[in-house]
Amino acid sequence: MNFGFIIDNRKCIGCHACTVACKSENEVPLGVNRTWVKYIEKGTFPDTRRLFSVMRCNHCADAPCVEICPVTALFTRKDGIVDFDSRRCIGCKACTQACPYDALYMHPDEHTAAKCNYCSHRTDIGLEPACVIVCPEHAIISGDMDNPNSEISQLLARESVQVRKPEKGTEPKLYYIEGDAASLKPTEANPDTGYMWSSQSSGVGHYAKFAEERIRANADQSVPQALYQIESRTKGKGTKEKARRVYDAPGKGVHWGWEVTAYVWTKAIAAGAFLVPFLFLKLFSGEVPDRVGQVGAAISLIFLGITGLLLVKDLGKPNRFLYVLLRPQWKSWLVRGAYFITAYGLILTLWWAAKLLAINAALPVIEWAGLVFALLTAVYTAFLFAQAKGRDFWQSPMLGIHMILHSVMAGIAVFAVAGLFFKNENWLGDLRVLAVGAIAFHLLTLIVELWTAHTTDDAKATIKMITHGRFATAFWGGMVLVGNVLPLVLLYFSRSETFALSGILILIGLYIAEHIWVRAPQMIPLS
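Each number in our numbering comes from the position in the sequence shown (counting from 1) with 348 added on.
Hints listed in this document are in silico derivations from the structure and should not be mistaken for laboratory results. Be a bit skeptical, because a hint or two may be false.
To be verified - Pairwise CB distance ranges (calculated):
#	residue 1	residue 2	range
1	K679	L792	27 to 37 Å
2	P377	T803	32 to 42 Å
3	A801	R397	32 to 42 Å
To be verified - Below, simulated DSS-like cross-link-like pairs (lysine-lysine); rule was C-alpha separation at most 30 Å, straight line:
#	residue 1	residue 2
4	K661	K679
5	K513	K426
6	K679	K513
7	K359	K371
8	K812	K386
9	K533	K679
10	K513	K808
11	K590	K386
12	K513	K359
13	K679	K808
Even glycine gets a Cβ: it sits at the ideal position worked out from N, Cα and C.
Based on the sequences and whatever the hints tell you, model everything.
Set out below in structure tokens:
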């Protein structure tokens, strides 16, 4: 069996009966929806027409939410339904970033993920989903697509159908008959103009707290409007009809907030404080002074502990954190990262044990293992973000280079500040040379990342938002000027005080960089 949905846009009247039935059947709280209806208007008054599109989970054959879920809370059943088990969910919100269709939400009371599950409790006893039963126009068709006698199978064979975002390769099983690109593509109808739900002053239900932020986002005229005001289909000769939203579900806000930004930053420090002395200084100077190694290992262990605390704090169900280690879903980079961090912490502890017990013969082996897991700790987040298929900007192959480079820069910055207590030592000169090279290479990677061609509208919109939109001041003033240019200028001077100041500025710039890279892609609408 292989269950799927068809939305027949020839019949849909936009009555919202499916939304109400879904809420009633599944006890969906106020402010969130498993099924909702999006209205798009095309044309110029009085020659206008309205399109209705039912939005929901696409029950993808290759579901990215299932792959990224660290604890198998989301899973694909044998009949093709993508279901979820709220008893397992840890509330990491990774699935909300992985879904290209904005189908998942965080339950405001349970703090776990939820979505359309094809009314599996009804399907299991031979009934159709509530939305199908209640639709007055029979515009929603469900059934087994592998059964040639089913209505859905016959419609798929007979009619031309469209799916949302086929380029994502998720093989969605929600099909639209006469689906219009203006409705199915988020960037084809401007989400920043005034329409119902777009500018609520008080918000709705759990998402009331996001209302202010959403209003600011909608009012931001520096957002790349050209990408959101595409004149859709040619009507007649020489004329085009504009598409605009007139009704939509309330926004869900930014799921990965300051905790994720902070944990990426502290993780970079934890990895870099070990990498810089035991790898780069060893290459330059031939040996690592004992005090330098101890400072690096201590800082790494402290910031690794802070990273773990931030990871737990960001979870909707922090009491279930151990599920990641004890009930792992190995395809998820969140699981792999958790094991990398745990192993790195154990190696740092072993290093200190060998140092205190004077087991010097074991130190080189432990240090090489530490270097490997420091690199893995630094870079794994790039692979986690790459699994978040909903955010095109995170699919960049440059992200892994950024993560490693940020760790190296963070390690340099930490020892630049520590240099106040290690005056007139030879390794500080080597560290300055390394700092100049790292900053120069970082600026080069930014040029490659932001000024080379990107293939999708969402990625282009994110870059425009970073360089010329709402994040432009933070990017140019904070990340580039404070975090790179000023430290480069200060490195010209040989005083330890200016070197320490450059280190502080690098750390500030790195935090701003992580904030922009985590937040900006989440401002792009997915539905």
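For the pair supplied as a hint, K533 and K679, is the alpha-carbon distance within the 30 Å limit?
Holds, at about 29 Å.
Range hint 32 to 42 Å (beta carbons of P377 and T803) holds or violated:
Holds, at about 38 Å.
Run the distance test for K513 versus K808: straight-line Cα separation, threshold 30 Å.
OK: K513 and K808 at ~16 Å, within 30 Å.
Satisfaction of hint between K386 and K812, Cα-Cα up to 30 Å:
holds (26 Å)
K679 paired with L792, Cβ distance criterion 27 to 37 Å:
Holds, since K679 and L792 (Cβ atoms, about 33 Å apart) stay within the stated range.
Can the restraint linking K679 and K808 be considered satisfied, given a maximum Cα separation of 30 Å?
Roughly 29 Å between the alpha carbons, so the hint for K679 and K808 holds.
For K513 and K426, compute the direct alpha-carbon distance and say whether it is at most 30 Å.
holds (24 Å)
Would you mind confirming whether the straight-line C-alpha gap from K679 to K513 stays at or under 30 Å?
The hint holds at about 23 Å.
Straight-line alpha-carbon gap K359 to K371, limit 30 Å:
holds (22 Å)
Given the hinted pair K590 and K386, is their Cα-Cα distance within 30 Å?
holds (16 Å)
Return holds or violated for the Cβ distance of A801 and R397 against the range 32 to 42 Å.
Holds: the Cβ-Cβ distance is about 36 Å, inside 32 to 42 Å.
Tell me if the straight-line CA distance from K661 to K679 falls inside 30 Å.
Judged against 30 Å, a Cα distance of about 23 Å means the pair holds.
In this structure, every one of the numbered hints holds.
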